[in-house]
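A.B. asks: In the order they appear, the protein sequences are chains C and U. Quick note: the first sequence uses my numbering, first residue 1, plus one each step. Quick note: the second sequence uses my numbering, first residue 441, plus one each step.
In case anyone wonders, no lab produced these hints; they're calculated from the structure. Hints are not guaranteed to be accurate.
Chain U regions said to be covered by chain C (calculated; three or more residues, Cβ under 8 Å) [what the hints assert, rightly or not]:
#, stretch
1, 483-489
2, 542-550
Here are some chain U residues the structure puts well away from chain C; computed CB gaps all over 12 Å [to be verified]:
#, residue
3, Arg492
4, Pro494
5, Gly495
6, Ile503
7, Tyr509
8, Ala512
9, Lys519
10, Gly520
11, Ala522
12, Asp538
13, Gln539
14, Arg559
15, Lys563
Quick reminder that beta carbons are idealized off the backbone N, C-alpha and C, glycines included.
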Amino acid sequence: MALVATLCFPLFLLAACDDQPGGPSDPNAELIAKGREIFFNETFDGNGRTCGTCHPAENNFTIDPAFIATLPDDDPLFMAETNAALARNFENPVLMRALGLILENQDGFDDLENNFNMRGVPHTLALPTSIANPQGPRTGWSGDGAPGDGSLRSFAIGAVIQHFPKTLGRVAGVDFRLPTEEELDALEAFQLSLGRQTELSLPLPLKGEVAQRGQAIFTDDTLGKCNICHQNAGANARLAGQDVGNANFNTGVEDLPDQSADLIDPRVPPDDGLGTPGDGTFNTPTLVEAADTGPFFHNNSVETIEGAVAFYDGESFNNSPAGQVLAGLDPNGVGIRLDATQIVAVAAFLRVVNALENIRESIALLNERTKTSLRQAAAEAEDAAMVLSGGGLHPSAVANLRDARRLIHDAGRSFFSKTRLIREALVELKKARADLIQDS
Amino acid sequence: MEASDAIRRVLQMRIARLRIAIAVVATVLVMMAGQPSTLGHKATERYIPVGRSPGISGTLSYIGTIQAYDPAQRTVTLKGEAEPVTVSITERTLIWIDQSKIKKTNLVGDTSALLVGRRTEVKFENADRRQFADWIKIEIPPSQ
Chain C
1 MALVATLCFP LFLLAACDDQ PGGPSDPNAE LIAKGREIFF NETFDGNGRT CGTCHPAENN
61 FTIDPAFIAT LPDDDPLFMA ETNAALARNF ENPVLMRALG LILENQDGFD DLENNFNMRG
121 VPHTLALPTS IANPQGPRTG WSGDGAPGDG SLRSFAIGAV IQHFPKTLGR VAGVDFRLPT
181 EEELDALEAF QLSLGRQTEL SLPLPLKGEV AQRGQAIFTD DTLGKCNICH QNAGANARLA
241 GQDVGNANFN TGVEDLPDQS ADLIDPRVPP DDGLGTPGDG TFNTPTLVEA ADTGPFFHNN
301 SVETIEGAVA FYDGESFNNS PAGQVLAGLD PNGVGIRLDA TQIVAVAAFL RVVNALENIR
361 ESIALLNERT KTSLRQAAAE AEDAAMVLSG GGLHPSAVAN LRDARRLIHD AGRSFFSKTR
421 LIREALVELK KARADLIQDS
Chain U
441 MEASDAIRRV LQMRIARLRI AIAVVATVLV MMAGQPSTLG HKATERYIPV GRSPGISGTL
501 SYIGTIQAYD PAQRTVTLKG EAEPVTVSIT ERTLIWIDQS KIKKTNLVGD TSALLVGRRT
561 EVKFENADRR QFADWIKIEI PPSQ
């Protein structure tokens, strides 16, 4: 018995080490780990939801109808279906399941029956690059999602009040508890640690001809004009030669005809965007992470990345205040005019940069070697494959990515071959990357 | 002659468009500059008890008990740990009744709730010029 214990002890040590965060030590690692724990497990004595209910790690920290369809009926997301106190005016279950929309009371809580907005759930990736503005931080779809000082740190308090209460009385200390200062610090650190930490620097040396052409259109301020408001495919704008940070614009999304939410439930009021009453503007999201975090726009009104690019060729955008600004800057008075092949090319570019980010993240997660990080690394590899195959792009990279996903999956279940499987997965990921972009 | 007229017309058109563009861009920038420095979501602010507003309480706000309310001047004077302050209530000022101590939902209030002795938090409209109230939270104590 003693011999068995002696022989097994090193194995237990190995297994114990397996779940320790690896890689270079981050001075914030402890705070980030605490934030992760709170983000996914803390209900703040509310209705049972956590931050992770609407921002699940396994779905790129957002939700969509396909993901929602995989959840059990007793998932806290469906609180309005299971809790009588929240049955009315807390969520719209039909629109939640059909379109992934969440109910928000941006303009106050005095007329819950009529005064609300239905919005998609923005992912929480690359936040260090996407919320800074000279006038203050921009959070949420209209940029004013946080109470208090409006910061990302304060956002959690607004989220608890809006989404976590046991009843619509929303009494602090009864229907929920407010996060403590320490919890706010930890939540902020965790959210800031997610995904990309720096901006891309366009143009990238892409290999695919269609994506290359898409990048050229994207960065051409006289054609695609995308780079004006989405510098480096991010969330920051440059107007009249000035960097204006993460800005708000009225792009006319609310004017789109035949919107799914209106077709399903005509009672949904228009969303007036930033402020109370709103000024019709919405916050600019980052595009690097777009292709695998749809549906698109604040109201999930467009399902595909191609559709989202095509929006800017339409009347709703070109007649909007933002479209008119672009037309005013154009020598021919044109806002954005792209043909179908150009729309597909821009979307292909966005698919490829998204896949490159998935690959970068997957490699980083593989190096951490924890069970959680391996699960996420596999999901990133699968996302990259899905994003590329959805646009008919880089089939050999797709095959590499699917192999990588399988190897990572096996690594997560293997005790003795884990290191080898991770090494082989890294090779496949690097092959996929080499198919998309020249080594810089 | 016709060629130079055509060039002149094209130039004039371009200058006109450039002016429009500059005007539009300037409008956008002015709109952006005009936005408040803090874009806090005031809707959920209502449900945050006195003294708990993140990044505001203790920095951009003052917490004290009401010493006086002047309905004619629409000013309220608070006395807390720091020097007393007097702030003006504008049409933009939001007033909330914080009932969390009595475990009831917070309400939208008005100046009639500004009673002497009540613990109150005032957020200033501007960090530098502290004469106007952005919002006021008036706490209902457990005994009432």
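A.B. asks: Compare the structure with the hints numbered earlier in the document and write down the numbers of the violated ones, lowest to highest.
C.D. replies: 3, 4, 5, 12, 13 and 15
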